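**Q** Here is what each chain is made of, one letter per residue.
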Amino acid sequence: MNDTLTTGSLTVKIIVLLIAALLLFAPFLFQDIRSLEVAARICVFIVLVASYDLLIGYTGIVSFAHTMFFGLGAYGAAIALRQMGPGWDAVLTGAVAGAFVSLILAIAIGLLSLRVKAIFFAMITLAAASVAMVLASQLSQFTGGEDGITYKAPDLFKPATKLAVTDDGKVARLFGVRLNGKLAAYYFVFITCLVLFLLMLRLVGSPVGTVLKAIRENEARAEAIGYRVVAYRTFVFCVAAVIASLAGTVYAIWLKYTGPDTALSFTIMIDILLMVVIGGMGTMYGAVIGAVLLVLAQYYLRDLMGSAAEALSNVPVLPFILEPDRWLFWLGIIFILLVYFFPQGIAGTLARKGDKA
Amino acid sequence: MDQLRMTLERFGGVNLLPVAVAAVAFVLIGAPSSWVTLTVAGLAMGMMIFLMASGLSLVFGLMDVLNFGHSAFVSFGAFVAASVLGWLAGWLGSDSVVLNAAALFAAFTAAILFGLAAGWFFETVIIKPVYHDHLRQILITMGALIVAEQIILAIWGGTPMNVPRPGFLEGSIIIGDVAIEIYRAFAFLLGLIVYVALFATLNRTRIGLLIRAGVENREMVEALGFRIDRLFVGVFMVGSALAALGGAMWAGYETLITPALGAELMIVVFIVVIIGGLGSIEGTLLGAILVGLVANYVGFLAPKLALASNMILMMAILLWRPNGLRPAVR
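Order-wise, the sequence lines are chains A and B.
For the first sequence, the positions run 1 to 357 when the numbering used here is used.
For the second sequence, the positions run 358 to 687 when the numbering used here is used.
Any given hint might turn out to be false.
Computed footprint of chain A on chain B, listed as stretches where at least three residues anywhere in the stretch have a Cβ under 8 Å from a Cβ of chain A [said to hold, decoys possible]:
| # | segment |
| --- | --- |
| 1 | 460-468 |
| 2 | 501-513 |
| 3 | 622-629 |
| 4 | 669-675 |
Per label pair, the in silico range of CB-to-CB distance [stated by the list, open to error]:
| # | chain 1 | residue 1 | chain 2 | residue 2 | range |
| --- | --- | --- | --- | --- | --- |
| 5 | B | Ala388 | A | Ile334 | 50 to 58 Å |
| 6 | A | Arg352 | B | Arg563 | 45 to 53 Å |
| 7 | A | Glu219 | B | Val376 | 38 to 46 Å |
| 8 | B | Leu385 | A | Glu223 | 42 to 50 Å |
| 9 | B | Pro486 | A | Glu223 | 28 to 36 Å |
To be clear, the hints were calculated from the coordinates, so they are not data collected in a lab.
The structure presented is a predicted model; accordingly, all values stated were derived computationally and were not measured.
All C-beta atoms in this analysis are idealised placements derived from N, C-alpha and C, irrespective of residue type, glycine included.
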């Protein structure tokens, strides 16, 4: 992002602020359970994608192990909540344990392989992630195997919890929304994610962020100026890993379920990649836009495609094309086209537009 | 030159690694008959993985292009071969070895032809625009992998598919108290033939000379007036065809295949390529055999560790040789 305020970058910022406002008031604006689910998922994925963008967009590291860290956080919280019962101590233990293991793994992987070529690193992280996935499904006494773990969140987040009561002892309503534990859980997710996101925004704007960009642009030169490239890369890899792990913890608390599909599967990695590329690599705001678009598409576009396919069932080819199961196929094609023609994604392209004007 | 010779000498010792692994395993396992069975299984598995990995390694060595979509060729090869074998079930069922072999040959040919065509398409349409840009290469080939997997799902569906095996490859040979599955021996032989053919092409022909020169110093070869890009399309097509052939072999080995096959094998293929060192088929063969042997031995000795064994092997080798055992590009 340039410091000069162009119309394009202004547009991006306004869009992001709008999204933030919508997310802030989501429980009041969209009053059904599914929308809240979508909003929480968007929050978590914004953080996850932004932390991935630290790697791919800002430093030029391609890692496929991001879901591994996400899963470590999620499983940490899940196992702690399961073993210690619902409570804040369990949440804290899980979060710290997950983040700590992520940190150790990130340091190990980073020092072992960040010296080598980008492509090597991508392959090694891919292998590490797949081993983590296999381990999660094999160590079923800890992780519940393929079935995953269900557990209870802290009492505050139970739907039955009353945050405020009216005179007759019922749950108070604000603008028609019940002030119950679900609301508290959503705001827990929202605020944690906001804090993490702002932290990353700060990091990117700091001198360290500038060094990272320098490394991305010209590694040899950054090294020549005197920055220790490997140290910086390992550092940013660790930061991204810890943040991804915390995002995993938050998501695990929100879902009250952790399994390979929600926390570790390769589909999540692909989702993250798609979000980063669609939103725009190298801008934190791009992560926001990409995450919002893709999560919305996941929840609503499939339904839309399904109903469209049904409505057009008499037309020969269209129903086949619009079948909901094909949606990943189309996303893949959109992804390839984006990488070809708009490598900077939506945010990057928009922000650049202002430069010409 | 002196340094080169010294490194070459040092690399000579690396080739003995699979032998050392086998010897250690022999002591640990104790029973010679199960050791032979495991070794044959490991060699067969290694050879099939070699088929899949060699193309990837060469393409990277020659053009600095890493194709994350490589496993799509493996899956496609497996499914195309399985479909052809399914159509020719009548031939497979007959007692005549000739008809059996013809069906198998047809299936492999179909897989190879498909691999050639898909490789050409992939290279010209998907990869050509992003030469020299690793980040976008990884992203694009990843996107292509997603699309290819979806195409497989759309055509063959998500349910596991049975692969009929030709009759003459069923059963096993029994020597003393050692049983060797015929299909494994066949897989090993086929892999060996491909390796010898590749080795001879690379070391004894003019095209092979150009490929090796291109791996070493691409600009120089181009400056001398050779069209490396055309050569590259050829190498890419052959690599894809080999991957498809490997997939076809794997389909016959597993006899039950799912669309997830490519993604599962991709990890192993990557590990092999990393262990072997990018860009050299000798390294790839070495890595493949190591992985195959270790996977089988560990699976027998400590089944719980089997899944992590490849990863541990890779870590250990990377700590020892950060560029792989026999890298052609540094």
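**Q** Determine which of the earlier numbered hints do not hold for this structure and return their numbers in increasing order.
**A** Of the numbered hints, just 1 does not hold.
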